[in-house]
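Novice: Generate coordinates for the entire structure from the input sequences, incorporating the hints supplied.
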Amino acid sequence: MPNIKVLTKLMRELEDQLVVCMRCGMCQAVCPVFAETGFEADVARGKLALLDGLLNEMFKDPQGVYERLNKCLLCGSCAANCPSGVSVLEIFIKARAILTGFMGLSPAKKLILRGMLSRPEIFDRVAEWGLKFQKILTKPANEIIGTSCARFVSPLLKDRHFMPLAPVPFHRKIPSLNTDKGRSGLKVLFYVGCLIDKVFPQLAQDVIDVLNYHEVGVFIPQKQGCCGIPAISSGDLKTFNRLVRHHLEIFHDEKFDYLVTACATCTSTIKKIWPMMADKASESIENEVAEIAQKTLDISQFLVTKVGLKKNATAHIDTAVNVTFHDPCHLKKSLGVAAEPRALINANPGYRLKEMPEADRCCGLGGSFNLHYYELSSNIGRAKRNNIKASESSVVATGCPACMLQISDMLSQSDDKIAVKHPIEIYRELIKINGTHA
Amino acid sequence: MINPVLLKEFKTVLGPENVLADQADLLTYSYDAAVLKAVTPALALRPVDSEALSRVVRLCNENKLPLTVRGAGTNLSGGTIPLRGGVVVLTNALNKILEINSEDMYAIVQPGVVTARFAAAVEAKGLFYPPDPGSQAVSTLGGNVAENAGGLRGLKYGVTKDYVMGLQFFDVDGEPVKTGSKTVKCATGYNLAGLLVGSEGTLGVFNEITLKLIPPPAHQKAMFAVFDDIDRASETVAAIIAHRIVPATLEFMDNFTIRAVEDFSRAGLPVDAAALLLIEVDGHPAQVEEDAGKVESLCRKIGAASIRVAKDAAERDKVWEARRSALSALAKLKPTVVLEDATVPRSKIPEMVRALQDISKQYDIAIGTFGHAGDGNLHPTILTDRRDKEEWERVEAAIETVFDKALSLGGTLSGEHGTGIAKSCFLEKETSMATIRYSKRIKAAMDPNNILNPEKIIGHVKAG
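Going line by line, the protein sequences match chains C and D.
Numbering follows the working numbering, with no gaps: position 243 of the first sequence is 227.
Heads up: take any position in the second sequence, counting from 1, add 1, and you land on the working numbering.
Just so you know, these hints were derived from the structure itself, not from any lab.
Just so it is clear, the structure is predicted and the values come from calculations on it, not from any experiment.
Some hints here could point you the wrong way.
[What the hints assert, rightly or not] Quick list of in silico lysine to aspartate or glutamate cross-link-like pairs, DMTMM-like style, CA-CA up to 20 angstroms:
hint: 1; chain 1: D; residue 1: K390; chain 2: C; residue 2: D0
hint: 2; chain 1: D; residue 1: K333; chain 2: C; residue 2: E74
hint: 3; chain 1: D; residue 1: K97; chain 2: C; residue 2: E20
hint: 4; chain 1: D; residue 1: K333; chain 2: C; residue 2: D0
hint: 5; chain 1: D; residue 1: K38; chain 2: C; residue 2: E41
hint: 6; chain 1: D; residue 1: K362; chain 2: D; residue 2: E397
hint: 7; chain 1: D; residue 1: K441; chain 2: D; residue 2: D172
hint: 8; chain 1: C; residue 1: K222; chain 2: C; residue 2: E272
hint: 9; chain 1: C; residue 1: K338; chain 2: C; residue 2: D302
hint: 10; chain 1: D; residue 1: K38; chain 2: C; residue 2: D0
hint: 11; chain 1: C; residue 1: K55; chain 2: D; residue 2: E18
hint: 12; chain 1: D; residue 1: K179; chain 2: D; residue 2: D163
hint: 13; chain 1: D; residue 1: K335; chain 2: C; residue 2: E(-3)
hint: 14; chain 1: C; residue 1: K44; chain 2: D; residue 2: D23
hint: 15; chain 1: D; residue 1: K38; chain 2: C; residue 2: E(-1)
hint: 16; chain 1: C; residue 1: K55; chain 2: D; residue 2: D23
hint: 17; chain 1: D; residue 1: K390; chain 2: C; residue 2: D36
hint: 18; chain 1: D; residue 1: K335; chain 2: C; residue 2: E(-1)
hint: 19; chain 1: D; residue 1: K335; chain 2: C; residue 2: E74
hint: 20; chain 1: D; residue 1: K335; chain 2: C; residue 2: D0
hint: 21; chain 1: C; residue 1: K119; chain 2: C; residue 2: D108
hint: 22; chain 1: D; residue 1: K333; chain 2: C; residue 2: E(-1)
hint: 23; chain 1: D; residue 1: K390; chain 2: C; residue 2: E(-1)
hint: 24; chain 1: D; residue 1: K302; chain 2: D; residue 2: D230
hint: 25; chain 1: D; residue 1: K335; chain 2: C; residue 2: D36
hint: 26; chain 1: C; residue 1: K279; chain 2: C; residue 2: D237
hint: 27; chain 1: D; residue 1: K38; chain 2: C; residue 2: D36
Specialist: In structure tokens:
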């Protein structure tokens, strides 16, 4: 390992942002991890103090700080509640990059992030192999939710009830698409995202159906890959930058007014983290990333603010089912989008929106956090499950496929008969009822 | 370094998961919300029941290990900084509300219960626990009692000490001491609870706290009055009190604070106003209407440019939201925020407000002033960057001048934040050398090895 002084020097970049924390401790009120553990090192104030400690050469070995820094969902609850406006997520993500650069990626992460994720074609092929094994190793767990669990005792799968890989990923059905602007006069780039492509391909079809209905031109470039969040949250700048560059290249092929995604995490990554972390050495990349970020919208936000939803004569039909909505952190806390996905749900008279307690409390997935701290992640997830249950709904909707995975796992393990849907699915059902064109 | 045998014993008593000895964990217990130098403890311990807490105290005393109790670590005077190292004892696993008794209107809690959670549980039973310190969303009741925390409702409802009916705490040998009772009246023994409230963990370690509950007010009315002249606003505060009206809250905001809040929240505050008063009266509906009318006419008589009365709960919430965001809004302007709480008798508010403006000019530092004007407890909030050494020296000089002014007006160094480290060297100015000697003798008798939060309150003063 290089000299710790080198690290201190790198950390200087964060000094002006770190000093903003006045140690008031209000983040303790909202941090889902701290609510479970009660340890100061798990809450933002503690982590910021640890980074401050690194900066002030309080540690001979940064390993302890690195571990604690990674024990975080990056949900942004603290930042949203911070009286002094500390840029907590930016600090944490930059610090992870600095520390990972200094200490090196673990061999396992190197294999997954650099060997697979950074190369979209390889990632697709690995997923297809996985599909073959899936049938042998897993069995259905909950019919309504559609989860599976391990057939045999598995150290990897543990007790998880997971959404299986779809038999045919979306990019196999529709490798690319380019339709004209219709009456809407708008054209969007539809960024599919890994989870929708490989686990929820039907959602991508729903997005296309809805965009067709509203006569919005759709551009799906070939060879889309991962937005880079798993890489950057592991501090792997190299893979992250490679993915950003790859996408900038394939985005070039067509002109579009907006970039839309149905994944809160992809939207927030492209809109917030690309400009924050993309290679500043190249001015052209910096400008392109800024332009893309500015055009990026969540699908619900696009439909509500740029297109206008289909109007209905009745608010609810008699057979309307109760649906409750979970605010993904990457929609509400990161982008301030909360009303728009609810508007999609409310547009369908077959559903009645019933708010759950603490709808914007993190579901506890946090990407790789779930892999490293499954028990903790599940405890946070169970609190979400209890809130969903308390809403007495037969459907829970959320605008992020990652949250859908976590919520499915939690509901399925409790054997709840509650379906997990995306708001676009609910809106798509409305259009289906009424035929394809208005 | 903690000796390995003792470390092993702590692990046996508490379970290994509740003994933190890693350097990274320990660093996170080295600070609180005060702008002071951090000190890292040698060990952090988290007892999960009373028995473990008692044994930890005894073990620390037997081994002459300094012991600092920590709740949420939000205090503003350095009370939770382990100045002499040693052990930090975390109370957040002692977080049970043991009883809420509606018939006799009291509650018994463990020290780690979060204030807001307790207030909500009490409200759910149709009762009211008024102390509402600014950090209530995270602060613990043990911390509130140890610091004698205040809040926005101090004027009418008093502060934490007014709600402590009894305590059960461990002395330095880990033996249980009981003081006070569940009864409204109690005249047995010394009033040790009175001594322990605000003692900042220097005389004993709380195990159970008995708190008084009251019926909630039936009705409230909130309003805000806009002033073009800061003196008129502070004169109005003094006049309301002089007219024998006791609002539940009577808060003040100067122009600097108003602009910061408006920039931050776009709540529609009048940015040209020299000062704002935010006032709420509560109680029986008839009384509320009468008091509100009197307050309104006093505001007009003394010279409020305009008055807005909240029409409904939503408008009322808006008024208090603006007030609650004052510190946040100021905190966003500069990296370092020094929140002071020097307090004066209420009639002296006009003079104190003027003095704060002069001090801001004299030392050329930014001070936003807001706070609980109705109880004389203003919060002059100094905005600075502690990395700027030259300015920091001026800030320290200004703070001392604020203290001197408050004392010269018959006030106190701290209304609600405690003495801790930050104010211990000024304590003699407010009291006397004899007071400090007396306090030191009490401390020496209760804690002969000087392990209970050493150096706090009376620590910085040389006295016999």
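Novice: Checking one constraint from the list: CA of K390(D) to CA of D36(C), max 20 angstroms. Satisfied?
Specialist: Holds. K390(D) to D36(C) sits at ~19 angstroms (cutoff 20 angstroms).
Novice: Please work out if K333(D) and E(-1)(C) have their alpha carbons no farther apart than 20 angstroms.
Specialist: Holds, at about 16 angstroms.
Novice: Are the Cα positions of K333(D) and D0(C) separated by 20 angstroms at most?
Specialist: 13 angstroms, holds
Novice: Between the alpha carbons of K44(C) and D23(D), is the straight-line distance 20 angstroms or under?
Specialist: 13 angstroms, holds
Novice: Take a quick look at whether K441(D) and D172(D) sit within 20 angstroms of each other, Cα to Cα.
Specialist: 17 angstroms, holds
Novice: Straight-line Cα separation of K179(D) and D163(D) no greater than 20 angstroms?
Specialist: Distance of about 18 angstroms is within 20 angstroms: holds.
Novice: Within a Cα-Cα threshold of 20 angstroms, do K335(D) and E(-1)(C) meet the stated pairing?
Specialist: 14 angstroms, holds
Novice: Quickly compare the C-alpha distance for K362(D) and E397(D) to 20 angstroms and report which way the hint goes.
Specialist: Since the Cα atoms of K362(D) and E397(D) sit roughly 15 angstroms apart, the hinted pair holds (cutoff 20 angstroms).
Novice: K38(D) and D0(C): Cα distance at most 20 angstroms?
Specialist: 19 angstroms, holds
Novice: Does D36(C) lie within 20 angstroms of K38(D) when you go C-alpha to C-alpha?
Specialist: OK: K38(D) and D36(C) at ~13 angstroms, within 20 angstroms.
Novice: Taking only the CA atoms, is the gap from K390(D) to D0(C) under or equal to 20 angstroms?
Specialist: Roughly 16 angstroms between the alpha carbons, so the hint for K390(D) and D0(C) holds.
Novice: Check the hint pairing K333(D) with E74(C) against an upper bound of 20 angstroms on the C-alpha distance.
Specialist: Measuring from Cα to Cα gives roughly 17 angstroms; hence the hint holds.
In this structure, none of the earlier numbered hints is contradicted; all agree with it.
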